[in-house]
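Asks: The residues making up each chain are set out below.
There are 2 protein chains.
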Amino acid sequence: MMERVRGVTLRALYGRLTIGNGCRRVFPRYQTVSSRGFNANMSPPSKAVVYDQQGPPDQVTRIINFPPVEIKENDVCVKMLAAPINPSDINRIQGVYPVRPTVPAIGGYEGVGEVHSVGSAVRDLSPGDWVIPSPPSFGTWQTYIVKEKSVWHKINNVIPMEYAATVTVNPLTALLMLEDFEKLTSGHSIVQNGATSMVGQCVIQLAKIQGIHSINIIRDRVESEEVKERLKKLGADEVFTEGELGAKNIKALLGALPEPVLGFNCVGGDSASLVLRLLRQGGTMVTYGGMARKPVTVSTSSFIFKDLALRGFWLQKWMSAGKAKECRAMIDQLLDIIQEGKLKYEMQLVPFDEFSVALDKALGNQGSQPKQVLKF
Amino acid sequence: MMERVRGVTLRALYGRLTIGNGCRRVFPRYQTVSSRGFNANMSPPSKAVVYDQQGPPDQVTRIINFPPVEIKENDVCVKMLAAPINPSDINRIQGVYPVRPTVPAIGGYEGVGEVHSVGSAVRDLSPGDWVIPSPPSFGTWQTYIVKEKSVWHKINNVIPMEYAATVTVNPLTALLMLEDFEKLTSGHSIVQNGATSMVGQCVIQLAKIQGIHSINIIRDRVESEEVKERLKKLGADEVFTEGELGAKNIKALLGALPEPVLGFNCVGGDSASLVLRLLRQGGTMVTYGGMARKPVTVSTSSFIFKDLALRGFWLQKWMSAGKAKECRAMIDQLLDIIQEGKLKYEMQLVPFDEFSVALDKALGNQGSQPKQVLKF
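One line per chain: the protein sequences are A and B, in this order.
Sequential numbering of the first sequence, starting at 1, is according to UniProt numbering.
Sequential numbering of the second sequence, starting at 1, is according to UniProt numbering.
The following block holds chain A by itself, in its conformation from the complex (with noise of 0.2 angstroms):
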């Protein structure tokens, strides 16, 4: 299906760009243009990340310019303030997703924008409200997105507005994970591999506040003391690299925590192994990344005699599952989180203009690097 920008389809619109002598025309801020007899409402023009092909992703994305597109009655004119360049986003691109959009399409599913006008029909939205597209959606990489108003969410606006635009997609997956296939209490543990990954840090956080416990893994690096500090800081009760669960009996190295019913996969491969070693019998393994390329071994007898569980959890999809009204909820509540200083993960604000330079530090091409945040 064709992805909708900002009322036109996409290729329509990008067809009106490079077709003639190819050159991209720009059109003046606020303009009005009359058509079929009367004046429509009309946005400011649009600046995007757009990618003609799946490819790489520092080959493929260009910065385009759009022209004004028809604020309709029902529709909302947001100018994007930030959204956050994530590794799922960079798969869409490659092409490696199993849903993306139709291409030609703009880059990014989530961030934060401030209302800019709306259409005659719009009581519940004003001018200057913060909004997020909720549940996200394709296309959030460019300075100004008309949609219509159902996928805007009104949020408070004192929070720093890089965790506005990015509580969706990795603290809503810690908190579903932890929340959708054990009913954990306090008391009880979790473990999970790839902890400084933006989602491990939203995990360690969010079972802290309910009195969960957090066995934590991490590569084995040469900072790995430095990376433990700062894990138990956020509330990590143990943080183990690789190497130092090598041991035979990894259980000892619980001390008093209990066996973790509930393990969370981000790596495959190894690391997936060492989580289903900790679990304790009946515990569930939810794998929702695979950043060693390397898939999950099982053997038969965790099946038979463990009675291990192993599950996979996907936003996207959970998402597509009727659940708009409960996903906006919880981001409500993550906000609040947020805002009492309870959740908090590292990001760099990179201004719009220096994508290339943001997309380069997401691609792990500068080694490890905070979440990439672009500033419009």
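Quick caveat, the hints were computed from the structure, so don't treat them as lab data.
Among the clues, some could well be false.
Which copy is meant is left open, so a pair is good if it fits within one copy or across any two.
Cross-link-like lysine-lysine pairs, in silico, DSS-like; alpha carbons within 30 angstroms at most [as the list claims (entries may be wrong)]:
(1) Lys251 to Lys228
(2) Lys306 to Lys294
(3) Lys251 to Lys317
(4) Lys72 to Lys208
(5) Lys317 to Lys183
Guided by the hints, dock chain B onto chain A, whose structure is given.
Replies: Positioned in the frame of chain A, the structure of chain B alone reads:
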């Protein structure tokens, strides 16, 4: 915990048999022993397959004689009629099973017998009744068993004894796996590997009764066409060899059959991967065996994007979860199906005295063989 045999601990009994000059004391049948000044109701002497230590079953098992034991007021003395040699019996003797009787122990876990005599307080059972230990319990490979009345479940004696002897471990596993993991209704499909196994054959027939299609995977072998014919006669909708499923477009092989929502794996390795590939989006694979002695390998995307769930099933654990009553009701249901001629599987009755021959076949030393059932 010490396994109790006919009222006294096996260790105590067995000690009596081997101390002194080490000869085996054989007591005359129907002997009545006077002890502590009163005449007790005694069992006949018994002959049992015993193993002194875990190890290769053909090396550690031997048949020995046990003296009569007292039949207390709530006890029932059962003359065993038949008991199978299941793979799990072999695994228990080998010591590779996580729950196993303390050695020395008597082999076997299920079987059928005829009530020989009852204690003074037993009203519900009479000599001649057919009974099975339900839930099953250790030590069915012996000619006479004395256990408390609650152990025994009275069944109809209108079906062949070899079916009564084998109804619990394999058919019940098949029935529970079809019922406990997904809500299947008429028109659904399931997929399984190891389809020629006894559980596999039961799955085909029990699915058929409920209008559920079965897609079956067998090893590549010379006589694969005959095997396919045999399974189709039982009710299999499709039977593929592993080699045939190497095709790229595996789903095309299903023709008009719906993609299976549930899969059963008793093999592991590549054969388990075929089950996973055939499952539909959101499907579940249940592992209940690992004949290939290879782990199950699962891609990250199978969990995240295909939303597969992987579980395990172990009858012994299910039994231990307070399911005694439910178990007996299901056994009765299965016995009715057997009586109606709708559940069949290949078996070979072997005289108890030829235990070593039956064991050799059960160990797979003579190629593919029907289920070996000891006849006492």
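Asks: Now look at each hint and say whether the structure bears it out.
Replies: So, going through the hints one by one against the coordinates:
1. Lys251 to Lys228: Classified as within: same-chain Cα gap 19 angstroms, cross-chain 47 angstroms, threshold 30 angstroms.
2. Lys306 to Lys294: Intra 23 angstroms, inter 17 angstroms, cutoff 30 angstroms: intra and inter.
3. Lys251 to Lys317: Result: close only across copies, 23 angstroms inter versus 34 angstroms intra.
4. Lys72 to Lys208: neither (46 angstroms within a copy, 57 angstroms between copies)
5. Lys317 to Lys183: Answer is both; intra-copy 21 angstroms and inter-copy 21 angstroms each pass.
Of the hints listed earlier, the one the structure fails to meet is number 4.
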